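Work out the full structure, taking the sequences as your base and the hints as a guide.
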Amino acid sequence: MEGDGHGDGRGVGAKGVVPSSKNMFGFIDGSVMHPVDATAPSFSRSHSRTSSLPCTNHPLVSHLEAEIYAARSWLAHSDRDPSPASGLCHVDGLISTVEQVLNLPESRESFSHAECTEGLLDDLLGFADVYGSIRSVAITLKQNHAELHSALRRHDAAWLATSVKTQRHIEKEISQLAASVRHITSGSTSDTEIGAVVREAVTVVALASVEVLSKVVSTSSAAASSAMVAAGSGRVSLRGRLFKKRHSEEEKELAAMDKLEALEECIMELESGSERVFRSLVKARVSLLNVVTLSF
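Numbered continuously in my numbering, the sequence shown closes out at residue 542.
Hints in this document: simulated from the structure, not taken from any laboratory.
All figures in this text were calculated on a predicted structure; none of them were measured in a lab.
There could be a bad hint or two in this list.
[Stated by the list, open to error] Each computed DSSO-like pair below joins lysine-lysine, with the alpha-carbon atoms no more than 27 angstroms apart:
id, residue 1, residue 2
1, 418, 498
2, 388, 498
3, 388, 418
4, 411, 388
5, 498, 411
[To be verified] Listed next, with one range per pair, are the computed distances between beta-carbon atoms:
id, residue 1, residue 2, range
6, 407, 517, 48 to 56 angstroms
7, 471, 381, 19 to 27 angstroms
8, 414, 375, 44 to 52 angstroms
9, 305, 504, 43 to 51 angstroms
Even for Gly, the Cβ is constructed at its ideal location relative to N, Cα and C.
Below you can see the structure in the form of structure tokens.
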């Protein structure tokens, strides 16, 4: 299927999907499209048009397509950046642009039927619930991070073990949130161009959200494991310092502190980023409700 030349030429086609195995959260890794040349024509949306609807050449629609392309490109190379900040920026950019698109007069026609809006309303509500929970988890993570840090500095093995156990429980909660995102799929059945682009944006928001949560779990797990290794080396050294070099213990403790510092930064990014996304989701849902109100 050839591109229609619409937009700024940064879209991605559905043929870019490469089948692969499922990741830890149940998403198909291959569902992330690999980036193509940014100068290539935008992806074709002819499948989403009807014979009665002309091509919608609005700058905001083109901008949303560019946001989708940028987010998919980040997903394809997300292993290069362990930070969740970029992913959260992409999610917020997508939702914010969707909110602006929903305020276009053309959107009233695209989402004028109940079956077209109910699915999208449910999706936005589902995302808002998840990101509201993420904000709460970020606060819990911050509190336990302080416990981990204090226990490690005081070389309190029992306290550290308790804190690590709590950390593992929080990681499971985050994984459950990621699993719930997997069930959020765009229910919009609009066959208009705007409806198709919005539906694609919702799909990418879900993929990016799972990747963000995966990075948080990975950073948290690395910090907790490193702290336990440092605590274990300390116990050995107390029993027989002749068999353990002092500098080796210090290196492990410094490594654990570095991991905890990375976790602290990750938590800060998660907290601020999820707050922005949550506000954008609320605004987008209000805009869609306004479209429904004006259409009936």
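Given the hint of 19 to 27 angstroms, check if residue 471 and residue 381 actually sit that far apart at their C-beta atoms.
-> Since residue 471 and residue 381 have Cβ atoms about 26 angstroms apart, the given range 19 to 27 angstroms holds.
Does the Cβ-Cβ separation between residue 407 and residue 517 fall within 48 to 56 angstroms?
-> violated, 26 angstroms
Given the hint that residue 411 pairs with residue 388, test it: the Cα-Cα distance must not exceed 27 angstroms.
-> Measuring from Cα to Cα gives roughly 15 angstroms; hence the hint holds.
Between residue 388 and residue 418, is the straight-line Cα distance small enough, at 27 angstroms or below?
-> Holds - the C-alpha atoms of residue 418 and residue 388 are around 16 angstroms apart, at most 27 angstroms.
Between residue 498 and residue 411, is the straight-line Cα distance small enough, at 27 angstroms or below?
-> Status holds; Cα separation ~20 angstroms.
When you take the CB atoms of residue 414 and residue 375, is the distance between them in 44 to 52 angstroms?
-> The hinted range 44 to 52 angstroms is violated for residue 414 and residue 375, with Cβ atoms some 24 angstroms apart.
Between residue 418 and residue 498, does the CA-CA distance stay at or below 27 angstroms?
-> holds, 26 angstroms
Is the hinted pair residue 388 and residue 498 satisfied, with a Cα-Cα distance of at most 27 angstroms?
-> This hinted pair holds, its Cα atoms lying about 23 angstroms apart.
Okay, residue 305 versus residue 504 on CB: inside 43 to 51 angstroms?
-> At roughly 45 angstroms between Cβ atoms, residue 504 and residue 305 fall inside 43 to 51 angstroms, so the hint holds.
Violated hints for the displayed structure, listed by number in ascending order: 6 and 8.
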